[in-house]
Amino acid sequence: DVKVTQSSRYLVKRTGEKVFLECVQDMDHENMFWYRQDPGLGLRLIYFSYDVKMKEKGDIPEGYSVSREKKERFSLILESASTNQTSMYLCASSLGSPQGAGNTIYFGEGSWLTVV
Amino acid sequence: AQTVTQSQPEMSVQEAETVTLSCTYDTSESDYYLFWYKQPPSRQMILVIRQEAYKQQNATENRFSVNFQKAAKSFSLKISDSQLGDAAMYFCANNFGNEKLTFGTGTRLTIIP
Numbered sequence: 001d002v003k004v005t006q007s008s009r010y011l012v013k014r015t016g017e018k019v020f021l022e023c024v025q026d027m028d029h030e031n032m033f034w035y036r037q038d039p040g041l042g043l044r045l046i047y048f049s050y051d052v053k054m055k056e057k058g059d060i061p062e063g064y065s066v067s068r069e070k071k072e073r074f075s076l077i078l079e080s081a082s083t084n085q086t087s088m089y090l091c092a093s094s095l096g097s098p099q100g101a102g103n104t105i106y107f108g109e110g111s112w113l114t115v116v
Numbered sequence: 001a002q003t004v005t006q007s008q009p010e011m012s013v014q015e016a017e018t019v020t021l022s023c024t025y026d027t028s029e030s031d032y033y034l035f036w037y038k039q040p041p042s043r044q045m046i047l048v049i050r051q052e053a054y055k056q057q058n059a060t061e062n063r064f065s066v067n068f069q070k071a072a073k074s075f076s077l078k079i080s081d082s083q084l085g086d087a088a089m090y091f092c093a094n095n096f097g098n099e100k101l102t103f104g105t106g107t108r109l110t111i112i113p
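Sequences listed follow chains A and B, in order. Take 1 as the starting number for the first sequence in the numbering used here and just add one per residue. Take 1 as the starting number for the second sequence in the numbering used here and just add one per residue.
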């Protein structure tokens, strides 16, 4: 089974802190994703990575950055956390091209971040 | 704009009955995939069913089936013989021909014993 592991399930951080959310997948997937989930808004894509060191902005990248130094690991960074970044963050991965679009995207269990 | 819309924030169904969750989308793409994902309380999101847009036959996975109407841009999920374990948030998603998914806002399904 594919396993996407998010290292922290629950975090509480202070406004202005730098926050790292880590994600590791064990299926040699090319694609990795960070989504944010909020009630009434569904899941919104923050960043997408299709290869090591390659990234693409999603729909809501402001206030976030990412790092992918190794294929299996994709980190989400909040440079200066703000209260409006309190949310559930979901990491995901999938096979890339040429299998391409239509592949199942596998999700981690989520990281609940509260910024106070 | 490419959008996915779920107009039912909450639904409930009696155990063993059938329920249909609605989803519509907007795109000018002709080739794409549609998905239904399930997120049980405090658990990981998992794929329920997938439909390729160029396939006319509706996808089926055991008790789960879809009604895909491409011209109407509609993709509903039917759950037959509802079970307590079906209680979850259900998200409709479309990849709009690329490798990323755009999700709807979700429908919370409650199963009444």
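These aren't lab readings, by the way, just hints derived from the structure by calculation. Being a predicted model, the structure only gives us computed values, none of them experimental. One or more hints might be untrue.
Straight-line Cα separation of at most 30 Å, DSSO-like style, residue types lysine-lysine; simulated pairs [stated by the list, open to error]: (1) A:K57 <-> B:K70; (2) B:K78 <-> A:K3; (3) A:K57 <-> B:K78; (4) A:K13 <-> A:K71; (5) A:K57 <-> A:K71; (6) A:K53 <-> A:K13.
Evaluated hints:
1. A:K57 <-> B:K70: holds, 29 Å
2. B:K78 <-> A:K3: Cα-Cα ~28 Å, so holds.
3. A:K57 <-> B:K78: violated, 34 Å
4. A:K13 <-> A:K71: Between K13 (chain A) and K71 (chain A) the Cα gap is close to 28 Å, so the pair holds against 30 Å.
5. A:K57 <-> A:K71: holds, 18 Å
6. A:K53 <-> A:K13: holds, 27 Å
When each numbered hint is compared with the structure, a violation occurs for hint 3 only.
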